[in-house]
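Undergrad: Sequence:
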Amino acid sequence: MKNITFIKTNMMLAAALLTAGVIMSYKVAEEKAAETVYYYNSNDVSEGAFATVGNWSSSISPSCLTSGNRPCKMVVPDGTSLSDQIGGKTNDEVLDIHPDERRP
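Residues -29 to -1, 1 to 75, numbered by mature numbering (1 follows the signal peptide of the UniProt record, and there is no 0), are exactly what the sequence shown covers, in order.
FYI, nobody ran anything at the bench for these hints, they're computed from the structure. Predicted, not measured: the structure shown is a model, and the values here were computed from it. Check the hints yourself; a few may be wrong.
Said to hold, decoys possible - Simulated DEER-style distance windows between Cβ atoms: (1) Asp63 / Thr(-11): 47 to 57 Å; (2) Glu64 / Ser28: 18 to 28 Å; (3) Met(-18) / Lys60: 11 to 21 Å; (4) Ala(-15) / Val24: 24 to 34 Å; (5) Met(-18) / Ser29: 34 to 44 Å; (6) Asn(-20) / Glu6: 53 to 63 Å; (7) Leu(-17) / Val24: 52 to 62 Å; (8) Ser52 / Glu18: 21 to 31 Å; (9) Asp49 / Lys(-22): 52 to 62 Å; (10) Asp67 / Leu(-17): 46 to 56 Å.
Positions of the beta carbon are idealized from the N, C-alpha and C atoms, including for glycine.
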């Protein structure tokens, strides 16, 4: 009899905790939105080349790891595009987005 009373009185608390747990799990999933990583896949270092979307690929390029002062990797958050990140920028502005990803 005591167990039934205990269950009845705490049923609302258990339901509230369960609901909060489910809601928080969805919030965490939303915050971990997928991002896309692009790699500079060109030998072109002329002005404006780093902002050309066609010079980037989602597969790694060995040249970005071994060649000159050029970008290597660009991380693009979910909900934006590579064009949104680099469109209309100069080479120096593109390099400034992720300076630690540049390989000298």
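Undergrad: All hints are to be evaluated individually against the structure, with a verdict given for each.
TA: For each hint, the structure was consulted:
1. Asp63 / Thr(-11): 47 to 57 Å: holds, 51 Å
2. Glu64 / Ser28: 18 to 28 Å: At 21 Å between Cβs, range holds.
3. Met(-18) / Lys60: 11 to 21 Å: Given about 55 Å between the Cβ atoms, the range is violated.
4. Ala(-15) / Val24: 24 to 34 Å: The hinted range 24 to 34 Å is violated for Ala(-15) and Val24, with Cβ atoms some 50 Å apart.
5. Met(-18) / Ser29: 34 to 44 Å: Given a distance of about 49 Å, which is not inside 34 to 44 Å, the answer is violated.
6. Asn(-20) / Glu6: 53 to 63 Å: Hint violated: Cβ distance 42 Å, outside 53 to 63 Å.
7. Leu(-17) / Val24: 52 to 62 Å: holds, 54 Å
8. Ser52 / Glu18: 21 to 31 Å: The hinted range 21 to 31 Å holds for Ser52 and Glu18, with Cβ atoms some 22 Å apart.
9. Asp49 / Lys(-22): 52 to 62 Å: violated, 45 Å
10. Asp67 / Leu(-17): 46 to 56 Å: Holds, at about 52 Å.
Violated hints for the displayed structure, listed by number in ascending order: 3, 4, 5, 6, 9.
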